[in-house]
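Asker: Read off the chains here:
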Amino acid sequence: MTQSVVIQVGQCGNQIGCRFWDLALREHAAVNKKGIYDEALSSFFRNIYFKFISINDTSFEIALLIDMEEGVVNEILQGPLRDVFDSKQLITDVSGSGNNWAVGHKLYGSQYREQIFEKLRRSAEHCDCLQCFFIIHSMGGGTGSGLGTFLLSLLEDEFPEVYRFVTSVYPSGEDDVITSPYNSVLAMKELNEHADCVLPIENESLFDIVSKIHQMTNSGKLGSTVKQSSLLTSSAGGINTEQEKPFDAMNNIVANLLLNLTSSTRFEGSLNMDLNEISMNLVPFPRLHYLVSSLTPLYTLADVNVPSRRLDQMFSDAFSKDHQLIQADPKNSLYLACALLVRGNVQVSDLRRNIERLKPSLHFVSWNQEGWKTGLCSVPPVGHSHSLLALANNTCVKPTFIELKDRFMRLYKKKAHLHHYLHIEGMEDTYFSEAISSLSDLIEEYNQLDATRGGPTVDPPRLKIAV
Amino acid sequence: MSIVTIQLGQCGNQIGREVFSAICNDFHSTHGLCYKKENESYQEACKERFFSEEKKTGVPVARAVLVDMEPKVISQTLSMADRSGSWKYDHQSRFCQKQGSGNNWANGYSVHGPQHKDDIMNLVQKEAEKCDRLGGFFTVMSMAGGTGSGLGAFVTQCLRDAYRNSFILNQVIWPYGTGEVIVQNYNSVLTLSHLYQSSDALLVHENDAIHEICAQLMNIKQISFKDVNQVIAHQLGSVFQPTRSPLGDLMESLVPHPEFKLLSLRNIPQMSENSLTYSTFTWPGLIKHLRQMLIANAKMEEGINWQVRPPLPGLPAPPKPSMNRSACFNTSLANLVIVRGKEVQSADLGSFRDPSLYTSWLNMQDAFSVWKTSRAFNKYEKSASLVSNSQFLLKPIDNIVGKAWNMFASKAYIHQYTQFGIEEEDFLDSFTSLEQVITSYTRL
Numbered sequence: 001m002t003q004s005v006v007i008q009v010g011q012c013g014n015q016i017g018c019r020f021w022d023l024a025l026r027e028h029a030a031v032n033k034k035g036i037y038d039e040a041l042s043s044f045f046r047n048i049y050f051k052f053i054s055i056n057d058t059s060f061e062i063a064l065l066i067d068m069e070e071g072v073v074n075e076i077l078q079g080p081l082r083d084v085f086d087s088k089q090l091i092t093d094v095s096g097s098g099n100n101w102a103v104g105h106k107l108y109g110s111q112y113r114e115q116i117f118e119k120l121r122r123s124a125e126h127c128d129c130l131q132c133f134f135i136i137h138s139m140g141g142g143t144g145s146g147l148g149t150f151l152l153s154l155l156e157d158e159f160p161e162v163y164r165f166v167t168s169v170y171p172s173g174e175d176d177v178i179t180s181p182y183n184s185v186l187a188m189k190e191l192n193e194h195a196d197c198v199l200p201i202e203n204e205s206l207f208d209i210v211s212k213i214h215q216m217t218n219s220g221k222l223g224s225t226v227k228q229s230s231l232l233t234s235s236a237g238g239i240n241t242e243q244e245k246p247f248d249a250m251n252n253i254v255a256n257l258l259l260n261l262t263s264s265t266r267f268e269g270s271l272n273m274d275l276n277e278i279s280m281n282l283v284p285f286p287r288l289h290y291l292v293s294s295l296t297p298l299y300t301l302a303d304v305n306v307p308s309r310r311l312d313q314m315f316s317d318a319f320s321k322d323h324q325l326i327q328a329d330p331k332n333s334l335y336l337a338c339a340l341l342v343r344g345n346v347q348v349s350d351l352r353r354n355i356e357r358l359k360p361s362l363h364f365v366s367w368n369q370e371g372w373k374t375g376l377c378s379v380p381p382v383g384h385s386h387s388l389l390a391l392a393n394n395t396c397v398k399p400t401f402i403e404l405k406d407r408f409m410r411l412y413k414k415k416a417h418l419h420h421y422l423h424i425e426g427m428e429d430t431y432f433s434e435a436i437s438s439l440s441d442l443i444e445e446y447n448q449l450d451a452t453r454g455g456p457t458v459d460p461p462r463l464k465i466a467v
Numbered sequence: 001m002s003i004v005t006i007q008l009g010q011c012g013n014q015i016g017r018e019v020f021s022a023i024c025n026d027f028h029s030t031h032g033l034c035y036k037k038e039n040e041s042y043q044e045a046c047k048e049r050f051f052s053e054e055k056k057t058g059v060p061v062a063r064a065v066l067v068d069m070e071p072k073v074i075s076q077t078l079s080m081a082d083r084s085g086s087w088k089y090d091h092q093s094r095f096c097q098k099q100g101s102g103n104n105w106a107n108g109y110s111v112h113g114p115q116h117k118d119d120i121m122n123l124v125q126k127e128a129e130k131c132d133r134l135g136g137f138f139t140v141m142s143m144a145g146g147t148g149s150g151l152g153a154f155v156t157q158c159l160r161d162a163y164r165n166s167f168i169l170n171q172v173i174w175p176y177g178t179g180e181v182i183v184q185n186y187n188s189v190l191t192l193s194h195l196y197q198s199s200d201a202l203l204v205h206e207n208d209a210i211h212e213i214c215a216q217l218m219n220i221k222q223i224s225f226k227d228v229n230q231v232i233a234h235q236l237g238s239v240f241q242p243t244r245s246p247l248g249d250l251m252e253s254l255v256p257h258p259e260f261k262l263l264s265l266r267n268i269p270q271m272s273e274n275s276l277t278y279s280t281f282t283w284p285g286l287i288k289h290l291r292q293m294l295i296a297n298a299k300m301e302e303g304i305n306w307q308v309r310p311p312l313p314g315l316p317a318p319p320k321p322s323m324n325r326s327a328c329f330n331t332s333l334a335n336l337v338i339v340r341g342k343e344v345q346s347a348d349l350g351s352f353r354d355p356s357l358y359t360s361w362l363n364m365q366d367a368f369s370v371w372k373t374s375r376a377f378n379k380y381e382k383s384a385s386l387v388s389n390s391q392f393l394l395k396p397i398d399n400i401v402g403k404a405w406n407m408f409a410s411k412a413y414i415h416q417y418t419q420f421g422i423e424e425e426d427f428l429d430s431f432t433s434l435e436q437v438i439t440s441y442t443r444l
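Going line by line, the protein sequences match chains F and Y. UniProt numbering puts the first residue of the first sequence at 1, with every later residue one more than the last. UniProt numbering puts the first residue of the second sequence at 1, with every later residue one more than the last.
Simulated from the structure, these hints should not be mistaken for laboratory data. There's no promise every hint is true.
Claimed, not checked - On the chain F side, residues computed to face chain Y include the following (Cβ under 7 Å):
id, residue
1, 268
2, 274
3, 276
4, 284
5, 349
6, 361
7, 370
8, 372
9, 459
10, 463
11, 465
Stated by the list, open to error - From the derived model, a few chain Y residues whose C-beta atoms are all more than 12 Å from chain F:
id, residue
12, 40
13, 54
14, 71
15, 100
16, 134
17, 158
18, 185
19, 207
20, 211
21, 253
22, 271
23, 275
24, 277
25, 286
26, 416
27, 426
As the list claims (entries may be wrong) - Not close to chain F: a few residues of chain Y, all C-beta gaps over 12 Å, as computed:
id, residue
28, 55
29, 59
30, 107
31, 146
32, 166
33, 197
34, 257
35, 282
36, 300
37, 302
38, 345
39, 353
40, 403
All C-beta atoms, glycine included, are put in the ideal place defined by N, C-alpha and C.
Based on the provided sequences and hints, a complete structural model is requested.
Answerer: Right, here's the structure in full:
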């Protein structure tokens, strides 16, 4: 059994992380009713006994909470999940990063390097076989983006064998942080160079999805069949019995993304899909490791006897524009590769039928016409009979990057706010030019792939055997 | 003669278990439909071939080594066998690690292989020493993943080095055309080219073909991997259950030249248990179908193209280099038909002795063999299996090489392999050797 270490950095990272742990505990409590620490659980938690909600004597050292202001982390420590986290695994400061990447990356980076490494090392020592670091952070702020990406290269140096998966929340166009384009582009360069896989998330998409769910459940269209307690969207019944916070529903979606991503390493299935298979199958070129994700069913109902039609709908939805976790339309862009991680009572014939059905409407790059990777995990999420996580390496991420670049350039041309960065020790102007050229290169790589679309595909001549 | 089975990776372990379970079911079946004495000697031979006996309880213990790089599948496999009550695995005879090969052939072949060689080969040796007479090794693996394919190719090489004179047969599962592993074509090319050097023969099952059998012949609506694996296990059982010496005679009949090692397996009849109750078969009918399945390259008795005929002697052979082989005549190098069941002596296989079915450079008596036993197999009153060294696999192998070559031309995914020491050169070598195989089979 392998383990993963979750590192949540900054306000956004910690809020999502908090939802993740809550849902993960509930998932394992539902599967493992006796409340005894089992193998599946050990992939995230290290402990002997574990009772749902009333957690005695429990500490999950396989988590690292980092924030440079104390608000969110303190809230977690006082909240119902307090027993989940070992206070030794927290790193906080009081002054915050002031939405400045340089403060997070350079200042706090050098200041906390030893401390962070020490705690990571301790976490790693508790693992039987450490497979993956999950970093959860946002791109727009200072701590998540700066310190979060500092961590990435630290991990690469110190744990080169361990995969680095990053869940990055990208700022939206109407972001209230004025320097967010700087922070994001500076962070992007680090992601380009040091991450194995990045799962980009946009708040706008999460917001759209959540409002759609509310609309569906409140309009009564679906009647009483919608399960209010469905794990995917509601935190009712979870550890968090207080009033639901506004971002909880949105953060739940991201938390579920991580749960589904790791389901196959935690539970049995007829076609296992280990985490190391994700980058192997979905990353054809080292830098093109941005995976667009979608989760279904979001608001379709789940009952035990799933008619085939509804199951097929789940597959169709995963490719539709409004189920993507970023503002993107994979159907009208080019697929480099696609993975389907299915949970629950779904068989290989269901998978095949749906791939055959959906394939004609999708464009795959010429050298990977059959670029499908599939996994079947037999344990569904709580409250559902089945679920699907689709991960697409698709050129549809490009618009997000282009927009980011444009917003960066608007500021950078005027040299606006640059001095806030440049007065931080170790920060130089070249960081900005290198970061933007790294982003431009990435966009260009996607452009080149897009250019192959629709053109005549001539197969390269095969080797000839002389007779 | 005993066979030591080596199950590698998720696919290999799942199928291996189904094979032992199919063999055990057949062993216990009361439908032997033959004389008591014959049934007894059949059971005796079957036991010696696949099982040793637990000293205290007398429970049959599979002669198998289970290998995987992650623990989940093996622990599931062991406990399923234990629960069956009729046979079990030796729990000592397994090797697993904590983290899988991640679909990366290079990881299995160049990292896990050398790292765990001694442990795995020790287990193999222990199993081999349990056999009074070792007939050879049977490895079960998929081509698509990382452990079965990469580690499987490595282990096969080690077997060849350590047991120079033993037969090695590799059961290779050909992945679905789409949707299992994206790098499956790379992994397959590397696997096939390496196995071709160290194995005596590769017995191939295509998931797509078996899936069709499940849908059309077995009438299964929601097909699971278990269903697919059970069909494969049934087919394998129909070859391996006692008639002649399992591996030696098989190789002798089917692999007359080291350039031709690809074997495929067809059997008839195959149907759900419900339909079986209401069906009767005649030997001429079964054999006629099986022969047409051979020459028309049909994967099952349903939907055979009856238009395909062998070329008439004296006439120029019809043009065939086109890769659209669906309507093409399938030329054989060598065939083996195994018939089991009632009135088996009356089964006339003369139609398989037609020289026009075969390539010209082999004598008829070397190109075709028949094994017969009146012991019925697995509830089928009469059944026939065809193991064929023919152009059956030409199209699938050409497909896989073509797709892998396209991907290779764009250099996609290569960095994943070079990080574990498999370089572009190695890919080129593998491509070359498979193009050679394709050319050889095309020229039959």
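Asker: Do the numbers back the hint for residue 284 (chain F), that is, is its least Cβ distance to chain Y under 7 Å?
Answerer: The hint holds - residue 284 (chain F) has a Cβ within 7 Å of chain Y, the shortest such distance being about 4 Å.
Asker: Going by Cβ atoms, does residue 100 (chain Y) stay more than 12 Å from chain F at every point?
Answerer: violated, 5 Å
Asker: Just double-check residue 271 (chain Y) for me: nearest Cβ-Cβ distance to chain F has to come out over 12 Å.
Answerer: holds, 18 Å
Asker: Tell me if the interface restraint on residue 370 (chain F) is satisfied: Cβ within less than 7 Å of some Cβ in chain Y.
Answerer: holds, 4 Å
Asker: Grab the minimum beta-carbon distance between residue 426 (chain Y) and chain F and tell me whether it stays above 12 Å.
Answerer: The assertion about residue 426 (chain Y) holds, with a minimum of 14 Å to chain F.
Asker: Hey, does residue 134 (chain Y) actually stay past 12 Å from chain F on C-beta?
Answerer: holds, 33 Å
Asker: Is the shortest C-beta separation between residue 463 (chain F) and chain Y less than 7 Å?
Answerer: This hint holds: residue 463 (chain F) lies near chain Y, its Cβ roughly 5 Å from the closest one there, short of 7 Å.
Asker: With 12 Å as the threshold, tell me whether residue 166 (chain Y) passes as away from chain F on beta-carbon distances.
Answerer: holds, 31 Å
Asker: Against chain F, does residue 71 (chain Y) hold up as non-interface, every C-beta pair farther apart than 12 Å?
Answerer: About 7 Å separates residue 71 (chain Y) from the closest Cβ of chain F, which leaves it inside 12 Å; violated.
Asker: Let's test the interface hint: is any C-beta of chain Y closer than 7 Å to that of residue 274 (chain F)?
Answerer: holds, 5 Å
Asker: Would residue 54 (chain Y) pass as off the interface with chain F, using Cβ distances and a cut of 12 Å?
Answerer: holds, 27 Å
Asker: For residue 286 (chain Y), which was marked as not at the interface, is the minimum beta-carbon distance to chain F over 12 Å?
Answerer: holds, 28 Å
The structure fails to meet hints 6, 14, 15, 18, 19, 20, 26, 30, 31, 40 from the earlier list, while all remaining hints are met.
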